[in-house]
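Asks: These are the residues of each chain, in order.
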Amino acid sequence: MIIKPTGTDIKNIGYYLGKILLGFGLTMFIPIGLGIVLQEFNPVLDFSCTIGIIFFTGFLLTRFCFTGQDLNWMQGMIVVALAWLVAMVLGALPLFLSGHWKSFLDACFESMSGLATTGLTLVQDLDHLSYTHNLWRHLIMFLGGQGIVIVALSFFVKGHSGAFKMYVGEARDEKILPNVVHTSRFIWLVSIVYLVLGTISFGVTGIINGMRPFNAFFHGVCIFMTAFDTGGFAPQSQNILYYHCPLFEIIIIVMMVLGAINFRLHYHIWNGNRKEIVKNIETSVFFFTILITFLITALGLQELKTYSDGRMLFQKGFFQLISGHTGTGFMTIYAPQFNAEWSNLALVGVIIAMSLGGAVCSTTGAIKMLRIGVVFKALKEDIKRIILPERAIVVQKFHHIKEVFVEDKTARSALMITLMYLLLYALGALVGMLCGYPFLSSLFESTSAAANVGLSCGITTPAMPVVLKITYIIQMWAGRLEFMAVFTLIGFFVAVVRGKR
Amino acid sequence: MRKAKSGRKIERLKKTAFLFLFLVCGFFGFKSSCFAQATASSELIGRAKYYDGKTVTFEGEIIGDIMVRGSKAWVNINDGSNAIGVLVDSRLLNSRLLTGSYTAKGSWVSVSGVFSRACPEHGGDLDIHAQSLAVIHDGSAVPERIDLQKSGYALTAMLAAGAVWLALFLWKPEKARKK
Numbered sequence: 001m002i003i004k005p006t007g008t009d010i011k012n013i014g015y016y017l018g019k020i021l022l023g024f025g026l027t028m029f030i031p032i033g034l035g036i037v038l039q040e041f042n043p044v045l046d047f048s049c050t051i052g053i054i055f056f057t058g059f060l061l062t063r064f065c066f067t068g069q070d071l072n073w074m075q076g077m078i079v080v081a082l083a084w085l086v087a088m089v090l091g092a093l094p095l096f097l098s099g100h101w102k103s104f105l106d107a108c109f110e111s112m113s114g115l116a117t118t119g120l121t122l123v124q125d126l127d128h129l130s131y132t133h134n135l136w137r138h139l140i141m142f143l144g145g146q147g148i149v150i151v152a153l154s155f156f157v158k159g160h161s162g163a164f165k166m167y168v169g170e171a172r173d174e175k176i177l178p179n180v181v182h183t184s185r186f187i188w189l190v191s192i193v194y195l196v197l198g199t200i201s202f203g204v205t206g207i208i209n210g211m212r213p214f215n216a217f218f219h220g221v222c223i224f225m226t227a228f229d230t231g232g233f234a235p236q237s238q239n240i241l242y243y244h245c246p247l248f249e250i251i252i253i254v255m256m257v258l259g260a261i262n263f264r265l266h267y268h269i270w271n272g273n274r275k276e277i278v279k280n281i282e283t284s285v286f287f288f289t290i291l292i293t294f295l296i297t298a299l300g301l302q303e304l305k306t307y308s309d310g311r312m313l314f315q316k317g318f319f320q321l322i323s324g325h326t327g328t329g330f331m332t333i334y335a336p337q338f339n340a341e342w343s344n345l346a347l348v349g350v351i352i353a354m355s356l357g358g359a360v361c362s363t364t365g366a367i368k369m370l371r372i373g374v375v376f377k378a379l380k381e382d383i384k385r386i387i388l389p390e391r392a393i394v395v396q397k398f399h400h401i402k403e404v405f406v407e408d409k410t411a412r413s414a415l416m417i418t419l420m421y422l423l424l425y426a427l428g429a430l431v432g433m434l435c436g437y438p439f440l441s442s443l444f445e446s447t448s449a450a451a452n453v454g455l456s457c458g459i460t461t462p463a464m465p466v467v468l469k470i471t472y473i474i475q476m477w478a479g480r481l482e483f484m485a486v487f488t489l490i491g492f493f494v495a496v497v498r499g500k501r
Numbered sequence: 001m002r003k004a005k006s007g008r009k010i011e012r013l014k015k016t017a018f019l020f021l022f023l024v025c026g027f028f029g030f031k032s033s034c035f036a037q038a039t040a041s042s043e044l045i046g047r048a049k050y051y052d053g054k055t056v057t058f059e060g061e062i063i064g065d066i067m068v069r070g071s072k073a074w075v076n077i078n079d080g081s082n083a084i085g086v087l088v089d090s091r092l093l094n095s096r097l098l099t100g101s102y103t104a105k106g107s108w109v110s111v112s113g114v115f116s117r118a119c120p121e122h123g124g125d126l127d128i129h130a131q132s133l134a135v136i137h138d139g140s141a142v143p144e145r146i147d148l149q150k151s152g153y154a155l156t157a158m159l160a161a162g163a164v165w166l167a168l169f170l171w172k173p174e175k176a177r178k179k
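From first to last, the protein sequence lines are chains A and B. So the first sequence is numbered by this note's numbering: it starts at 1 and just counts up by one. So the second sequence is numbered by this note's numbering: it starts at 1 and just counts up by one.
No lab work stands behind these hints: they were computed from the structure. The structure displayed is predicted, hence computed values, not measured ones. It cannot be assumed that every hint is accurate.
Unchecked claim - Reference listing, derived: stretches of chain A covered by chain B, where coverage requires no fewer than 3 residues with Cβ under 8 Å from a Cβ of chain B:
| no. | region |
| --- | --- |
| 1 | 43-49 |
| 2 | 125-133 |
| 3 | 206-217 |
| 4 | 228-238 |
| 5 | 309-321 |
| 6 | 328-341 |
All C-beta atoms in this analysis are idealised placements derived from N, C-alpha and C, irrespective of residue type, glycine included.
Excised from the complex, chain B in its bound form:
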């Protein structure tokens, strides 16, 4: 009797452990399919042949201009190492997107699309034709704070140059000698 009871307990424990493992694996599998890991630009450029024609996820900051051309638009995305041109459907763009420049930190986006090492549609360019675009962080303006130390150096240098010019303008040794 006892043996039969303990056998049932072990059986129940096994089932619970299996269910737990199933749930854990399922959760992480679901998570990874929803948020595919982004591939770095250096990896895409360095191993372009491997990634050619594959669907990749690429993350980075939008820089420069968003160049709308009809129903499509070119967006250049920089992940910190390199910038790669991404062709997106214009409908995927929204007014929230900010492009990175001296005065702004651009929107950080994740795009998923087909990578080409030499795109036949675009004259052999290395590019990504995106199927989706998601904003991860919004961009923001970077206000310029005037560097006071630099101001001091600039003022000193300009004053020194001005003083030398004035001194040389007033000091005419040839004329003095003639007199």
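Bound-form chain A, shown alone:
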């Protein structure tokens, strides 16, 4: 029997949603501050309108939905799923008001792409967008990469079990420190330290390469936020091609890889346990999959001989591949070149890399390295069971911070999520094909959206069909939250309609 949600359920959800909204609203003061300094008054007004709406709603929700009760699992998941949808709409509002997006749906697409750290974009005339709006595009990637619930957890929610439920709902099931609020603050600490280092590196490189100092540091902070949070937005329409600088690309690769590493691993490295990098299953799987997928991509690129020498092939092939594998989506080629200049085999290499993603508890999307490792270990265990005598005891273990045995429960969970991602990739590809796009291009774009990557082979434009825009928004949302929160929200709506008291 499906039980109808009670008023307390709804009030509790509303209360925490209000808190997250207030946290999200506060972050808008950052672009407002920049807008005032640069005297970009119309953009400041766009954000002022939005802040007013957010605070109005947030104050009402936190006041009238207060119950004093802790969140249960269902409520925690629903808060997260709803918070991401509400943040998408409210984050899109200042973008839409700028006039650089064709419709509000396009602005919502951009906002979800930013929050989910995807990087697919529908902006028009990006090269004339204000600094204020441009900073917001990159900032939402930074916030989304950390997790918008993490923002609220760090500043608004006191450490209790409800906080942990929201933390898990946002696809972060690993605690670095015993307290989830301390974990959130540690994630912020790591990110801020890298933010300072990254911005300085990009800024100085930009100045050396002839950019104006203000632009160099503005681009530096924006590119860092989207590289470390494996997002893929860039301040100019040419993406990374704008800079014409190999050193810039090398720093970006370093930042993307740092962003794709588990925050728990960062914690151990920070505490001097450097051996963990070599021993950890995620890093070894990551290294292995990069090697395999790059081999496929390089063989594919060799077929058409687009790049006449090995250095060029490596520079272009490896950058797009690592950008796809880490789920970032930065590009040093134009989107139509994927179809026109890259062979099908090279595209398949990039699609596989995109579908795998980085580490769990990192800023990347997709299936993730730990699950790939667990699935392979479980497969190895099953093969051994068949080969070895029946009386032999077969045990498989892997190293992830500590030694862990591969249990059926762990393998089942990893397989389930893997299967869900594969279905999501296929679903988007099917919709793409129904809209008239070829199979490989549809699969490429769908995998890019669902795995929160952002590489595009040219399908994502303001002119693409509305149904495809909505499909990609759903894919980005479900892919970022790793399904559980989304399924709980769907179940909640079913219970509201069909449930009994």
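With the hints as your guide, set chain B onto chain A.
Replies: Using the frame of chain A, we list chain B on its own:
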């Protein structure tokens, strides 16, 4: 006699027509060689293999930064569809050039140079190495006019949020009930 006269007339007419045609064709031929038609960015990117290594003319607005690197400089030119990186000799640049941004409409220039779909000098980038650069329209500052309607909306939204906050700050139902 008459036949001979009319024959000469026809001959003269033919000569005049031929001269006219020659002049017209020559004029248009000269004009097209002076002002080669610009190729669109979408055409260059979409048919990069065809244009690879050829001299092309590309027109558009200079955007972002002009990145001077020694005797050369990178200029990114946007024709309305895409921006393409153009490597120019620094001497071709002048102080009149303005770059497009939120506050400015950049100079509209025409460059002529060798197009590469994967430039071996620049790590496989799609770019143009320009031999000439001509300013077609000068850039100009775009002054910002404050949108009064937006100001009204922003003020209303902020006032509404402030009023709710104030009302909730003053209204303490628990305390009232206790009293």
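Asks: Now tell me, hint by hint, if it's right for this structure.
Replies: Here is how each hint holds up against the structure:
1. 43-49: holds (count 4)
2. 125-133: holds (count 5)
3. 206-217: It holds, with 5 qualifying residues against the three required.
4. 228-238: holds (count 3)
5. 309-321: With 6 residues in contact (Cβ-Cβ under 8 Å with chain B), the coverage given for the region 309-321 of chain A holds.
6. 328-341: Our answer is that it holds, as 7 residues pass the Cβ test (under 8 Å) against chain B, meeting three.
In terms of the numbered hints stated before, the structure departs from none.
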